[in-house]
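> Spelled out from the first residue to the last, the chains are:
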Amino acid sequence: MGITAEPGVILEHLFRHQAGRMTAHLTRLLGPAWLNVAEEAVQEAMLRALQTWPHQGVPENPAGWLFRVAHNSAIDTVRRSKIFGDKTDAMVAELSRSATAAPHDPELEEQLRDDELRMIFMCCHPRIGHESSVALSLKTVGGFNVREIARAFLADDATIAQRLVRAKRLIRDQGLTLEMPHGDELHQRLDAVSEVIYFMFNEGYAALEGESLIRQDLCMEALRLGRLIASSSIATPSIHALVALMAVQAARFPARTDDAGDIILLDSQDRSRWDQKLIALGFHHFDRSMSGDEVSEYHVQAAIAATHARAAGPGSRDWPAILDLYDQLIAIKDSPVIALNRAVAVSKVHGPAEALAAIESLDANHSLRHYHLLLAVRGQFLLELGRGSAAADCYRAALECRCSEPERRFLQRKLKECEGDKAYD
Amino acid sequence: MSQFMLLLYDDPSGWEKLSPEEMQKALEKYMAWRKKAVDSHRLTQDAGKVIRVQGGKPRVSDGPYSETKEILGGYYTIEAANYDEAVQKALTHPHVEYGLAVEVRQVYGT
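Read top to bottom, the protein sequences are chains A and B.
Each number in this note's numbering corresponds to the 1-based position in the first sequence with 108 added.
21 is the number that this note's numbering gives to position 22 of the second sequence; each next residue is one higher, with no gaps.
Bear in mind the hints are in silico, worked out from the structure with no lab data behind them.
The beta-carbon is built from N, C-alpha and C at its ideal position, and this holds for glycine as well.
Hints may contain errors.
If you anchor each label on the Cβ, the simulated ranges turn out as follows [what the hints assert, rightly or not]:
1. B/VAL37 with A/ASP395: 31 to 41 angstroms
2. A/GLU508 with B/GLU15: 32 to 42 angstroms
3. B/GLY47 with A/ASN169: 25 to 35 angstroms
To give a feel for the contact side, a few chain B residues facing chain A, derived at Cβ under 8 angstroms [stated by the list, open to error]:
4. SER18
5. GLU20
6. GLU27
7. TYR29
8. VAL37
9. SER39
10. VAL52
Here are the simulated EDC-like pairs of lysine to aspartate or glutamate, each with C-alpha atoms no more than 16 angstroms apart in a straight line [to be verified]:
11. B/LYS28 with A/GLU120
12. B/LYS16 with A/ASP325
13. B/LYS16 with A/ASP265
14. B/LYS24 with A/GLU120
15. A/LYS456 with A/ASP501
16. B/LYS16 with A/GLU147
17. B/LYS34 with B/GLU78
18. B/LYS16 with A/GLU148
Looking at chain A on its own, in the form it has when it is part of the complex:
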């Protein structure tokens, strides 16, 4: 691997992506009980790069360089710490063999993808709780660190750190392996993995500003993991639907906020700003999800996303079809967010009065009284009914809730709109 004299351009997220792949790979060689050793070796490699590349230039194959240095660091640790006892030499030999793999070998590429898959499947083992699965997946395969994960989930560092410690201890104590499950177990695990990936995506998608750079990374990471599974031999129609859903939603990122960072609602979005490659990817996977009889939650969500995406313009959105899909979705999975989104579709098809009735049960739900989206949607329906001051009350209440800065500005704009409509009430 040669070194160029002139510093080259490093691919975006190179370190983060390579950190994930190398951690997965080294963990497979060392065994999941030694996940910590793998992580430290990877961290060491990047530290070395940080210290030397500014002076020596970026190597011709940066990923290969990191790969080799991480392996050497692991070898040092294995030798020094003697954690493998009399199997030390064998482990060193295996690590050395792996370290000298040809950098652009397609077989190596294949192996690394496989390692990542195994890693995320292990992270989603049923004995590791959902929250820990999310954190562990992001830490190991995602290449995020504790602080980044904490920020993304609005938790504190200590909580996330604890979750990771417990998860790794559990892996060690219970002897969890990187073997892929089979049959029913595989099916269940795939469900768990899908849930974790979808959760990551939604958390990332919900962000609009501030930490949104992290959270947009979260979205793209979720999409990447989904695609990894979708392109493997264990892909199912449901996974394709999940990828379709994420791709189409992610495609809208560039259009969701304007230059001032303010929210633009779906109907007002400039469709030319949607990422066409992602839309195409979404439709590609949507088609692949149609094989077989399975209709999962992801299928319906993907269909909704695709229907939105197909609209030629704001006026031509097929709301009756969308409402129909929401009816299907709510039968599979009832949640406040889904009910709210369905209510918006109801308002477009049957008008705001019926939509208000549709969210009555949510209004009665005590635990949702600080949910700003519910209040904002209610305000919107009231505004459409000409009930300006009732609408204003909703927006004022919404402003008291926790929300991001762009959301706050949006709510304030709506409040002004209500106050302008005072004549009606």
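With chain A's structure known, arrange chain B on it following the hints.
Relative to the frame of chain A, chain B by itself:
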């Protein structure tokens, strides 16, 4: 234009907290800054050796020279009209952004 040395002190614990993404961002900043310097050198990771003369006899011991945890990590040569300008430039070095120390010294005769 005079030449100034920027001596960069390392404190390994400062880097440990960085995530892969953050390390990459740091790397990009270092590389960008490198372009503005006349040259730059990285010293090896070890503490090195120190020669002191005691009782008229040179004694070699393990480094570093100072008692602090900080080890000289590398040095840059930059051009500046005077100390003020050199310091102003040094303040923009990412090393400072990451909470690490930089010593600025003028090269004699430049």
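> Now look at each hint and say whether the structure bears it out.
Status of each hint after checking the structure:
no. : hint                                      : result
1   : B/VAL37 with A/ASP395: 31 to 41 angstroms : violated (58 angstroms)
2   : A/GLU508 with B/GLU15: 32 to 42 angstroms : holds (41 angstroms)
3   : B/GLY47 with A/ASN169: 25 to 35 angstroms : holds (31 angstroms)
4   : SER18                                     : holds (3 angstroms)
5   : GLU20                                     : holds (5 angstroms)
6   : GLU27                                     : holds (7 angstroms)
7   : TYR29                                     : holds (4 angstroms)
8   : VAL37                                     : violated (13 angstroms)
9   : SER39                                     : holds (5 angstroms)
10  : VAL52                                     : violated (32 angstroms)
11  : B/LYS28 with A/GLU120                     : holds (14 angstroms)
12  : B/LYS16 with A/ASP325                     : violated (19 angstroms)
13  : B/LYS16 with A/ASP265                     : holds (12 angstroms)
14  : B/LYS24 with A/GLU120                     : holds (10 angstroms)
15  : A/LYS456 with A/ASP501                    : violated (23 angstroms)
16  : B/LYS16 with A/GLU147                     : holds (13 angstroms)
17  : B/LYS34 with B/GLU78                      : holds (12 angstroms)
18  : B/LYS16 with A/GLU148                     : holds (12 angstroms)
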